[in-house]
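Listed here are the chains, written in short residue letters.
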Amino acid sequence: DIQMTQFPSSLSASVGDRVTITCRASQGVRSWLAWYQQKPEKAPKSLIFAASNFQSGVPSRFSGSGSGTEFTLTISNLQPEDFATYYCQQYNTYPRTFGQGTKVEVK
Amino acid sequence: EVQLVESGGGLVKPGGSLRLSCAASGFTFSNYTMNWVRQAPGKGLEWLSSMSSRSSFIYYADSVRGRFTISRDNAKNSLYLQMNSLRPDDTAVYFCARDRVGYGDLDYWGQGTLVTVSS
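Chains A and B are the protein sequences, given in the same order. Position 4, counted from 1, in the first sequence is what the working numbering calls 26; the numbers after and before it change by one each time, with no gaps. Position 78, counted from 1, in the second sequence is what the working numbering calls 947; the numbers after and before it change by one each time, with no gaps.
Please keep in mind that the hints were generated in silico from the structure rather than gathered at the bench. Some hints could be false.
[To be verified] Some, not all, of what chain A presents toward chain B, calculated at C-beta under 10 Å:
(1) ILE70
(2) ALA106
(3) TYR116
(4) PRO117
(5) THR119
Where a beta carbon is used, it is the ideal one built from N, C-alpha and C, also for glycine.
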């Protein structure tokens, strides 16, 4: 199985900050990498697919990059509604696997 | 509007069974691969199972293979998860989610249904 490792596991930031989350795959997953946002007691929401493509309606302050084994999610100009937990997921092979999550908290 | 609504969760004793349903609307259900994903309390997301649009391809996570069975009824726009031999560590919120056509990530999710396995 492909292991997905996110870091950091949590971070504290302020409104207006630039935040970067990294996701590393134990094997290459080409560009088959997605990012999701989850708020407490809510279902995850799609943010980014195929490493760098936006889900419809996602603000342009979110961006994704990477391929192979190393990927990043960047949130520029962090907004109050962005405080949440973010997960990466590879879908190159089954079983599809998620990272353990990165919680973005208010500093 | 795409909607996925799970139901069937509840409290069940260890060793028991439960069948979850996911009712889909707002899209042509029969064209999409569908999935189940779960989240234990305070934990991360765990992909469980996928079924292709015509039920030709089915995949399971090792943690549930042999105990859980995914199925679908395209005429009823519904996805199911039959869960047998339930264990306390199966306690989680269970989400159904739709594959993005041509990619395979999960573009829409239901709100989830809670399954609690406890004596």
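Now for the hints, and whether the structure bears them out:
A least Cβ separation of about 9 Å between A/ILE70 and chain B falls short of the 10 Å threshold, and the interface hint therefore holds. Of the supplied interface hints, the one on A/ALA106 is violated, with its beta-carbon coming no nearer than about 13 Å to a beta-carbon of chain B, more than 10 Å. A cut of 10 Å between beta carbons decides the hint on A/TYR116: the least distance to chain B is about 4 Å, and the hint holds. Annotation: A/PRO117 was flagged as interfacial toward chain B, and the flag holds, the nearest CB pair being 5 Å apart, inside 10 Å.
Annotation: interface hint on A/THR119 holds; nearest CB of chain B at approximately 7 Å, less than 10 Å.
In this structure, only the earlier hint numbered 2 is contradicted, and the remaining ones agree with it.
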